[in-house]
Structures are given as structure tokens and as C-alpha cells.
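Student: Chains as they are written, first to last, in the numbering used here: chain V, 935 to 1019; chain X, 501 to 729.
FYI, nobody ran anything at the bench for these hints, they're computed from the structure.
Among these hints, one or two may not hold up.
[Stated by the list, open to error] No more than 27 Å apart at the CA atoms, straight line, and that leaves these computed lysine-lysine pairs for DSSO-like:
| id | chain 1 | residue 1 | chain 2 | residue 2 |
| --- | --- | --- | --- | --- |
| 1 | V | Lys939 | V | Lys977 |
| 2 | V | Lys956 | V | Lys936 |
| 3 | V | Lys994 | V | Lys1010 |
| 4 | V | Lys994 | V | Lys956 |
| 5 | V | Lys1010 | V | Lys989 |
| 6 | X | Lys622 | V | Lys1010 |
| 7 | V | Lys1001 | X | Lys654 |
| 8 | V | Lys936 | V | Lys1001 |
| 9 | V | Lys994 | X | Lys535 |
| 10 | V | Lys956 | V | Lys989 |
| 11 | V | Lys989 | V | Lys936 |
| 12 | X | Lys535 | V | Lys1001 |
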Amino acid sequence: MKTYKASIDVMPHDNLLDPQGKAVSGAMPNLGLPEITGVRIGKHITLRLEAKDRKTAEAKVDEACRKLLANLIMEKYSFSVEEQA
Amino acid sequence: MKCGVVIFPGSNCDEDMVQVLEAQGGGPVERLWHKEHDLRGCDLVVLPGGFSYGDYLRSGAIARFSPILQEVAAHAERGGLVLGVCNGFQVLCEAGLLPGALLHNGGQRFICRNVHITPATKRTALTSAIARKVLTIPIAHGEGRYHIDAAGLKRLKDGDQVLFRYCDAEGNVHEEANPNGSMDHIAGVCNEGRNVFGMMPHPERAADALLGNTDGMALFTGLLKAVAV
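Whole structure, please, built from the sequences with the hints as guidance.
Tutor: Okay, structure coming up:
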């Protein structure tokens, strides 16, 4: 078995209002950065897992994303998997 | 007839729910700890409000994997009655027992105040005993903005599955009367089988004359009547 580390991004769907992102966007002019717009806020999740190969590791992470880490009604996810030394 | 209230770590409306169910003649009510694997023969199972698992990750996301939820799902599958209020509604959506999801309020604030809701259907145990067009019921949530995709919304409407909509004091449904930005002003829905109910407003906080508001009482009257037969 090998140890892998996964880095996962969970973001609100593009067509959904993200009130946090909107509030942060609205603050940008107050700090002199009016050129920044379109802030959207999601989650970054890291985890470790044991798997026999990369393909299996990716399948397990994908399952965790679909079942728990993201709610596909409101969010989308992407991830990368790296083998740990 | 037997009623049960599920208790998760972080539930905080469970005792209110037990008290109201017992006062309405539904007792003695079973308190069902989330780690249990047995509903103890309950005909009506209620998932109360609160902050199960601290609302970590998403409201209701972790609670749906509690052992008792497998039993609640099986109970629902058999046609048994299930009601989720506030966090309970969030748990039922996360578990896929109700369609849709509950997002952060459009205004990004936690809202705790009385709102007006109007029943959208009479054809459920929860709404059958409501005689009035407008009920005043408190909400207390940060994540209550109901969302569902366009196809899902059409299915909900075609199936007469919307239970309540936010409205003004006269019963008119419009943007200004919608406290959290919910899609189509939805405050509660049921499943296709019409035996699983979820709503963000708290009827158990409006079902005792001592508290000055009994508008929520009719919901329990309907539910208890359905399990009494």
C-alpha cells in the first residue's frame, strides 16, 4: 500500500449566489482595489489515504467528494492526488 | 401511536419538540440518540432544529451518516411519517430523503424572527388541519435558502410537494416577504410519497398559549391525527 495526499477544492456552482463572495467583493473598493470583482468562496480540503495505486486513490477521493465533501446540488469539486514519500 | 425525536450532538430544539408533541397528546415521546439503530416502534419520527455536528462542512452533512438515519430512511421507505424542522430539514435534504438543498441566506446573516408563511397544499398530514391562510411562525437559521434545479422545481410544483411559502401578513407571496432568498419563496417541502416533511420555520416554538403564539399547533394536530389511525 502507498500513502497519498489529496487536495480538494469545493466551490459553489457558478450560477448560484455566493453571499460571502459578494460581501468580500463589495469590500474591495474600500481597500483601494476596485479592480477586483467576482470573488467566490469555497473550501479547500486536504486528506491522506492508503491505496494500492493512484487510480484506486483517485476513485476513493472521488467517492468521498460525491458522498460527503461536496453537495452536488449546490457545489462542484476538483482534486489532485500526490503520492507521499 | 408513538412519536420519537432524534437527538444529534448539537441538537437544541429537541426538548421543545418533545414537550409540544406530549402536550398535543402524542406522548410519551421517545428520545432517539443518533447512535441508536432502532426507532423503538415510533410511527412519527421528528428531526429537530439545532446545529448537529456544529454545522461543520455543511448543515446536516455529517448528521446524515449517523446510524439512526439509516433507520429513519428505512422508516420513510416503508411510508412512515418523518418531519424535519430547520436543521432537521437540512439533514433530510442532505440524506436525499427530500429534494433540494439549503444554502446560506441570501443576506449572509443569521435570521431569528417571526415570519409569515402560507400553506401551499392541503394534501399532506402536516398541512391538512391548517384552517388559516397565513401562519406566523418563527425562523432561526443562517442556512435556509432553499435551492433546487429547474427540473426539480418543476417536479415539486407538478407533484404538489411545496408545503409552505413565505408571505406577508395578508398572505401575498413576493420578494419582500422572502426572508432568506429561497427559490420560489419555498419554506417547506415534502417527498413524492407525501410522508417526509421538511420546513425551516419552527412550529414547535409556536404551539403553546403561554408563549403567545399557537399558530404552529395545527401542524401537530394533523400529524398526530395521521398516526393515530
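Student: Hint by hint, which ones does this structure get wrong, listed from lowest number up?
Tutor: Those not satisfied are hints 2, 4, 6, 10.
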